[in-house]
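Just remember that my numbering sits 86 ahead of the position in the sequence shown, which is counted from 1.
Honestly, the hints are just simulated from the structure, not real lab data.
Source: prediction; values computed, not measured.
Be aware that a few hints might be false.
Simulated restraints, written as ranges between beta carbons of each label pair [stated by the list, open to error]:
no., residue 1, residue 2, range
1, Ala117, Leu92, 27 to 35 angstroms
2, Gly144, Arg123, 52 to 60 angstroms
3, Tyr174, Leu92, 36 to 44 angstroms
4, Gly116, Glu192, 42 to 50 angstroms
All C-beta atoms in this analysis are idealised placements derived from N, C-alpha and C, irrespective of residue type, glycine included.
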Amino acid sequence: MAASHLEGRDLTNNLPLATIPPDQVTTTLGARFLDRRLTVSVRWQAVANKNPADIPPGPEAPAGAKSGPPFAYFPTSAFNLVDLYVGYQINPDALASFQVENLFNEQYSRYLN
87 MAASHLEGRD LTNNLPLATI PPDQVTTTLG ARFLDRRLTV SVRWQAVANK NPADIPPGPE
147 APAGAKSGPP FAYFPTSAFN LVDLYVGYQI NPDALASFQV ENLFNEQYSR YLN
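Given the sequences, and given the hints that come with them, work out the whole structure.
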């Protein structure tokens, strides 16, 4: 399991920093079978939304604006991704693997991408 929560502000202008990513939690659960030759795992990643209040105004914003359109970057919605992985160690030099990313076909946008 891995999680991240970052905070940051521009202390000169008292504005949020554009490069702070939204909170996220990633977990992986897996098991090995057949003398550890077969690996099966599932990964779940939950990413929080990025609110307009957490994004500084862009260069075209009215003077003195603390937030609001136009933003330096676009706000994003929260999303959840589920990935599956299966790998089989054929011999010490060869691994056959299969992975499905975004199993439930979640439509999402990553902040800053």
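For this session: Against the structure, test the hints numbered earlier, and report the numbers of the ones violated in rising order.
Result: 4
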